[in-house]
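S.K.: Protein chains in written order, with my numbering: chain A, 5 to 127; chain B, 9 to 533.
It cannot be assumed that every hint is accurate.
To be verified - For each label pair, taking beta carbons as the anchor points, the in silico distance ranges come out as:
#: 1; chain 1: A; residue 1: Leu113; chain 2: B; residue 2: His70; range: 48 to 56 Å
#: 2; chain 1: B; residue 1: Trp454; chain 2: A; residue 2: Val77; range: 46 to 54 Å
#: 3; chain 1: A; residue 1: Pro73; chain 2: B; residue 2: Ala62; range: 21 to 29 Å
#: 4; chain 1: B; residue 1: Leu464; chain 2: A; residue 2: Phe23; range: 37 to 45 Å
#: 5; chain 1: A; residue 1: Arg28; chain 2: B; residue 2: Ile508; range: 25 to 33 Å
#: 6; chain 1: B; residue 1: Arg285; chain 2: A; residue 2: Ile62; range: 26 to 34 Å
#: 7; chain 1: B; residue 1: Leu461; chain 2: A; residue 2: Pro52; range: 45 to 53 Å
#: 8; chain 1: A; residue 1: Tyr11; chain 2: B; residue 2: Trp509; range: 50 to 58 Å
For the record, the hints were derived by calculation from the structure and aren't laboratory data.
Ideal Cβ positions, reconstructed from N, Cα and C, are used throughout, including at glycine.
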Amino acid sequence: MLDHFGYVVTVFLMVAGLFIVIARGNLIKKLIGLSIFQTSVYLLYIVPGKLIGGTAPIISPQFSVYSNPLPHVLILTAIVVGVATLALGLALAVRIREAYDSIEEDEILMRDQTADASEGVNT
Amino acid sequence: MSIAAHLPALQVVLPLISAPLAVLLRRRDLAFWMVTAAAWAAFATAIQLWLQVAAGGTISYHIGSWPPPWGIEYRIDRLTSFVLLLVSGMAAVMLPYARSSIEREIPQESHYLFYAMFGLCLAGLLGITITGDAFNIFVFLEISSLATYVLIALGRDRRALTAAYQYLIMGSIGATFIVIGIGFLYLTTGTLNLADMASRLRGVESSRPVLAALAFLTVGISLKLALFPLHQWLPNAYTYAPSPVTAFLAATATKVSVYVLIRFYFSVFGESLVYERLPLPQIMLGLSLLAMFGASFIAIFQNNLKRLFAYSSVGQIGYITLGLSFDSVNGLTASIVHLFNHGIAKGAIFLLIGGIAVGIATPGAVSPAPTSPKGAGRREAAVPSNAREAATPHTFDRLAGLAQRMPLTCFGIVLGGLSLIGVPGTAGFISKWYLILAALEQGQFWLVGAILLSSLLAVAYVWHFIEVAYFRAPPVGQVARKEAPLAMLIPAWLLIAATIWFGLDTSVTVGTALDAARQLMDKAQ
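Please work from the sequences and hints to get the whole structure.
M.R.: Set out below in structure tokens:
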């Protein structure tokens, strides 16, 4: 169990994040869940990249064990993507709040349905 | 070095650079010409690359001259060049259309942002297709997806916002699944280059991380390509997005996802793992049949023309994945050809539907889009009844007798619909022909019946439109002929003409698809 501590945390965050996205009706909370879900992937990549006792990969006669730098670089990109997604999601939530006066999914759905009913749209 | 050697990089870089330039230029005309020029250049590049690959075989381009597997490789084989052709060609045709279409749909001061997002979306889709690096696929996927969410949210109806939000949640979950899958593959093989990954996977295919990677990638990509039970984001997104966006997404975005699925199945995991050791073909077959029947059946009962064809898209994706489930050259050919043919036909239909919104508008209902920034944010409150009417011009009760007013538009939609049904002489027939060939080859005669029966459902939903547009009396006092502007009709009819052309002359589509399928199957063995 302790050997796989990093993976246990990763899986916990992954499942917790996904659960929040599915179970919560609040648009902001959904985005927080999505962020947690994405963060778990950062750990999935970074944990195996680090070797205990390993050093930065600059070749020198003093060291023989090096960490892999590539996962960190990849995840730097993934973090940027995550930030952009979160920012866009929040911006959409603001616009939805302006248009519907609510950020609760079921209320928004209800308002659309009453609007549809008055238009005769079959959804 | 000459420019010709760098065509693979230019294919992505040109649209990518056009986007920030469009933002810097700000003037909407300049932004339009900037992105359109980039799209046309990308199309010319794609044609050139297609010819090169057809003549000289697979091209491998090393970014920054770092050799793979250390550097990023752009790899163009027959399938890649074919999908590049589809994506860039669609953008080249649809941008001129978008110019006159968004006049009515998007506030003028954000036009330059629309073009910038369109350029980014195009760059992302081309990047996903051309790259031979697994993590690159994820990055380009997110570039195109983020741009897509913004484009959908630009729709005039407020439901465009919720549709974009829903797509953002589902799309991000899908992309994260994909990146988890790539992560497992990277942890197992220590490489991100797809070709290198494939060779290192030989021998460890059945280990648990690889199977987990396959599962995550399949689910993630299926979310993106809207495989039947994972399609919930699609109908709303297509219905409420601005018309050029709907057309572009329907023609390219889901198709590129199918391409990624094919790439991972055949070029990375290998046919023997996917098709022989796992029950994946059976699952794929079941879901495809559900899509072909379920989604088409739902389409028949839709009261909104755009939503009808959105559900029809989900059904048509079923045919593409059905071809994948066969594990034969003919099946794969059917998938690739249908990916192309359906892209063209559905793109044309959505372009024409966008024209209806213009023609059907009673004077005053479609006023030029609101110009003040406040008006953009609070559009519902600012223009209550008229804007709402303008946003839903596609409900069937408003389309009664439309053929008298917009004969060209309606006839175009009917021709596109014939291609969806698969009538001989249209592109859709060719793809169904190869699907049926693949089914017969494996002796699954009941499947032939299923394909034909599901085509009848397509007849039903296309007939729904014909019945309303041709046989119902138009509302009193609205009989003046008014087609959409030529700038919108010409691109749409160009695609309709292509649908007929590729139904009669199949040397380009089937020729390339057959080659691509053989290439994929050979490599997979």
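S.K.: Could one say that the CB atoms of tyrosine 11 of chain A and tryptophan 509 of chain B fall in the range 50 to 58 Å?
M.R.: holds, 54 Å
S.K.: Range hint 21 to 29 Å: satisfied by the CB atoms of proline 73 of chain A and alanine 62 of chain B?
M.R.: violated, 40 Å
S.K.: Given a hinted range of 48 to 56 Å, is it respected by the beta-carbon distance of leucine 113 of chain A and histidine 70 of chain B?
M.R.: Given range 48 to 56 Å: holds, Cβ gap about 50 Å.
S.K.: Take a look at whether the Cβ-Cβ distance between arginine 285 of chain B and isoleucine 62 of chain A falls inside 26 to 34 Å.
M.R.: violated, 43 Å
S.K.: Taking the Cβ atom of leucine 464 of chain B and the Cβ atom of phenylalanine 23 of chain A, is their distance within the range 37 to 45 Å?
M.R.: Since leucine 464 of chain B and phenylalanine 23 of chain A have Cβ atoms about 42 Å apart, the given range 37 to 45 Å holds.
S.K.: Is it true that the C-beta distance of arginine 28 of chain A to isoleucine 508 of chain B lies inside 25 to 33 Å, as the hint says?
M.R.: Violated, at about 50 Å.
S.K.: Could you tell me whether the CB distance from tryptophan 454 of chain B to valine 77 of chain A stays inside 46 to 54 Å?
M.R.: holds, 52 Å
S.K.: Please test the hint of 45 to 53 Å on the beta carbon pair from leucine 461 of chain B and proline 52 of chain A.
M.R.: With Cβ atoms ~50 Å apart, the hint holds.
Hint violations for this structure: numbers 3, 5 and 6, all remaining hints satisfied.
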